[in-house]
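Protein chains: 2
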Amino acid sequence: MGSLGFSYDDSAPFPQTDHVDQQQFKPLDPEEFRKQAHQMVDFIADYYAKIESYPVLAQVQPGYLRTRIPQNAPYRPEPLETIFNDINRHIIPGMTHWLSPKFFAFFPATVSTAAFLGEMLCTGFNSVGFNWLSSPAVTELEMIVMDWLANMLKLPKCFTFAGSGGGVIQNTTSEAVLVTLIAARDKALERISTDDTRNLVVYCSDQTHSTFTKASKMAGIHPRNIRSIQTSIDAGFCLCPVALREAVREDVAEGLVPLYLCATVGTTSTTAVDPLEPLADVARDYGMWFHVDAAYGGSACICPEFRHYFNGVERVDSLSLSPHKWLLSYLDCCCLWVKKPELLVNSLSTNPEYLKNKLSESDSVVDYKDWQVGTGRRFKSLRLWLVLRSYGVENLQSHIRSDVRMAKKFEWLVRSDPRFEVVVPRLFALVCFRLNPDSPGRSTESLNRKLLEWVNSTGKAYLTHTIVGGVYMLRFAVGATLTEERHVIAAWELIGEGADEVLRSV
Amino acid sequence: MGSLGFSYDDSAPFPQTDHVDQQQFKPLDPEEFRKQAHQMVDFIADYYAKIESYPVLAQVQPGYLRTRIPQNAPYRPEPLETIFNDINRHIIPGMTHWLSPKFFAFFPATVSTAAFLGEMLCTGFNSVGFNWLSSPAVTELEMIVMDWLANMLKLPKCFTFAGSGGGVIQNTTSEAVLVTLIAARDKALERISTDDTRNLVVYCSDQTHSTFTKASKMAGIHPRNIRSIQTSIDAGFCLCPVALREAVREDVAEGLVPLYLCATVGTTSTTAVDPLEPLADVARDYGMWFHVDAAYGGSACICPEFRHYFNGVERVDSLSLSPHKWLLSYLDCCCLWVKKPELLVNSLSTNPEYLKNKLSESDSVVDYKDWQVGTGRRFKSLRLWLVLRSYGVENLQSHIRSDVRMAKKFEWLVRSDPRFEVVVPRLFALVCFRLNPDSPGRSTESLNRKLLEWVNSTGKAYLTHTIVGGVYMLRFAVGATLTEERHVIAAWELIGEGADEVLRSV
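Listed in order, the protein sequences are those of chains A and B. Residue 446 in this note's numbering sits at position 446 of the first sequence, with consecutive numbering throughout. Residue 1011 in this note's numbering sits at position 505 of the second sequence, with consecutive numbering throughout.
Among the clues, some could well be false.
Claimed, not checked - Here are the computed lysine-lysine pairs in the DSS-like style, where the Cα-Cα straight-line distance is at most 27 angstroms:
| # | chain 1 | residue 1 | chain 2 | residue 2 |
| --- | --- | --- | --- | --- |
| 1 | A | Lys-356 | B | Lys-723 |
| 2 | A | Lys-356 | B | Lys-956 |
| 3 | B | Lys-862 | A | Lys-450 |
| 4 | B | Lys-723 | A | Lys-339 |
| 5 | A | Lys-460 | A | Lys-408 |
| 6 | B | Lys-723 | A | Lys-340 |
| 7 | B | Lys-956 | A | Lys-358 |
| 8 | A | Lys-408 | B | Lys-532 |
| 9 | A | Lys-409 | B | Lys-532 |
| 10 | A | Lys-50 | B | Lys-541 |
| 11 | B | Lys-532 | A | Lys-460 |
| 12 | A | Lys-460 | B | Lys-862 |
| 13 | A | Lys-358 | B | Lys-966 |
| 14 | A | Lys-26 | B | Lys-966 |
Quick caveat, the hints were computed from the structure, so don't treat them as lab data.
So here's chain A without its partners, still in its complex pose (with noise of 0.2 angstroms):
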């Protein structure tokens, strides 16, 4: 044989090999691993039960872990128990715990049981979903589910499969940002007839999540050309649609191109939610891609008292909400809409020959590779489908509204305390707050630095701050799934000694 130039001795024998060593290493024994799973289930639980009495932010000096672990792999295997035992003495010290009931910071991270064992089945699967063809449930069951929260979050129909539309998981944010950026240039620069993407300019707020930037910079979106609205605090730091259309206005006059316009259901610092209905207006005028960023505020919606704050999405081209951080989910998950998935597909489209199928040629199934940046993709649809099976929409809203009451408790007690404001007015289950606004001959950012670093080297409660509209504010996120209203009430009882403190040594 060897048509093709090559020439192999066919009548050599095979060569004996050395079977011990591959009867030996069976890295994947279902019994062993029932065994060893069974054990880390247990590991976890106990860590679930006692979280409590970790210190929330970790309390440890930059490096520490260097010295108290090898340089190398080891060279032979180490038994299961002395790795637990090393993550008990080295690791959990080290870590930051943000599934602490304790935990106020940033928005927190919210998970559920439901979640963890759609976690474990996804990674038990290892199902490679890039293509239909790959593992066609993985594609099937993502686009139901994204069809179900859809209905649930009352999104028109054009956002469906179902309808004309259709959805994706994306690990975060800013690649579903990204995604929706690309195929925005790459429609704008067809339709002016140019390869140049100088012109292009993209709009947002003040307030709008740092990864907008960072993604229209990965486009090739000149630094320049990112218009960052500005937001003030008589508008609750909402991005102003007057202020939008004179600064899209100045652009057009010099002769630059308005692709995108990016608004927020729940900004970072404040979770103020930008108006999508005047908004679309601007969009619609200047020809531009309109995304909705609805990472945090967004999840709210599935409860009828919060829907109005998808006012107008119906005419937005894409949306993107993380269930992560308010729908129980673990990380990652941050599911994106688009109205016209073509779009995505026209920009991210790659066919190589090994990929090739009839299925994908005919046109006839979705190939989510073609969605978003990468090609491997996880069956990551089951987390979110166990989710929603195991609660019901029933208790998802009676979690947000619980953590709702809980940051209504929050402000109620900031305002109780004459010493202390509520800086913005609160929306969901945020509260931005400070303390001693109006002392005279005292700097008020300078006490609200120390009072926080107080509150946190005591480990008893991780907040963090902001500044928006020059003014330096603390940030109280509840959303922890372990958090309950005595964890509320001690925190603040806590912060209440703290300005004790500060306020007595200054």
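Assemble chain B onto chain A, guided by the hints.
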């Protein structure tokens, strides 16, 4: 109060709330978690125990699932038993079983008990490690594990944190390529003092993974400036340094700017290895960023007998390798090493107020958010850490060798049957072969297509195809974790049966 213009009625009592609601729904009760997670462990262990009994390639039609699942999420919770039942009835039959020992398609995705435990732990902690402070152990363990793996691969110190470089875990190769490409792009634009990307050119071979073209387009490289250098069967489908130099020279003569070269160690179609040393000369002479995609082949370099494929690696700028492909790590896990992390940071850094902290500002810590597309990131290193410790370098080497030995066995079987030929030399654990190369008057391609369809439709083995150098060939990739020699032999017998069948029918 209210110095910022808001007024509240501080005297109003906090409204009484419905505490029943709050107490009923506990999505992370540790004991309920324990109970259900144990059930899931058994479900997955049982799946592994009987995985051989499932057809490896799903035998369902597009849309199969939508007819079996309700159109909306349930309002009330459903019990876990119902969900397990649905998984058995509706999900498993629609899956392609990537972990089946009869899976020989694409590159298998390798797994292990240790990696599963690591992933459980990563999920369980749900630590979000966007910067050092957000969970120090997340960042520090990743730095250490990346140095461990670098040492196992005998990478020079310039790629480690112990030296002046460093590694980071990305989700997939696509992201590793994208972030390095963007760092290279921004550096090149600065060097040539322009903001016009239209003259930047990137280089690869016609065997480079399709994600490179996709990433290039995402980063704003014009499709006409993506040079895919033609390879040939005579040169083993390697990227030819002479042809590359010629292409670069022509581009430079036309005023274009060479930006980025992507070489591959173990191409997707045939596992060709591009020669790093002479390619590095070209990259150096023209000031290009040189990246090596060793997604599949790189893992083999932990064995001394394969390490020579990395000769010249000390001269590249970045290198990526996916342990989910051959180091038993489940999806997703792509390790990226760079010589100059500061170039990633320059392009990808964000610094919003709410993430500011003293340590990040003092530059004394690594903030991995500035090394990747997104902001949030999971405790990704736990999976790899558990694999390396639980098995040791010894067993991982033996695992690589065992797969190679089985592929050699298959190669030997192919060569023993005069109806078949091995099309390209086998380097790792992939055998590219075809049926009936020489018979006059018959379409070899059509015969092999029929053979592939016949084999896959049995559900007893799953292979895929490729076309390189105009030759249609079948790919037999050994590597699924549960595959033993008996599966390889059974697959070969099935292929022989298929050959009888299709040869009879022509």
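Starting from Lys-460 of chain A, check that the Cα of Lys-408 of chain A is at most 27 angstroms away, please.
This hinted pair holds, its Cα atoms lying about 21 angstroms apart.
Is the straight-line distance between the alpha-carbon of Lys-356 of chain A and that of Lys-956 of chain B 27 angstroms or less?
OK: Lys-356 of chain A and Lys-956 of chain B at ~15 angstroms, within 27 angstroms.
Verify the proposed pairing of Lys-723 of chain B with Lys-340 of chain A, using a straight-line Cα cut of 27 angstroms.
holds (20 angstroms)
27 angstroms Cα cutoff - pair Lys-862 of chain B, Lys-450 of chain A
holds (15 angstroms)
Agreement of Lys-409 of chain A and Lys-532 of chain B with the hint, judged by alpha carbon distance not exceeding 27 angstroms:
Distance of about 19 angstroms is within 27 angstroms: holds.
Would the pair Lys-50 of chain A and Lys-541 of chain B pass a check requiring their Cα atoms to be no farther apart than 27 angstroms?
holds (17 angstroms)
Pair hint outcome, Lys-356 of chain A versus Lys-723 of chain B [Cα-Cα no greater than 27 angstroms]:
holds (21 angstroms)
Given hint Lys-532 of chain B paired with Lys-408 of chain A - CA-CA distance at most 27 angstroms:
holds (20 angstroms)
CA of Lys-956 of chain B to CA of Lys-358 of chain A, is that 27 angstroms or under?
holds (13 angstroms)
Is the hinted pair Lys-460 of chain A and Lys-862 of chain B satisfied, with a Cα-Cα distance of at most 27 angstroms?
holds (21 angstroms)
Within a Cα-Cα threshold of 27 angstroms, do Lys-723 of chain B and Lys-339 of chain A meet the stated pairing?
holds (22 angstroms)
Restraint status (C-alpha distance of Lys-532 of chain B to Lys-460 of chain A at most 27 angstroms):
holds (22 angstroms)
Of the numbered hints listed earlier, not one is contradicted by the structure.
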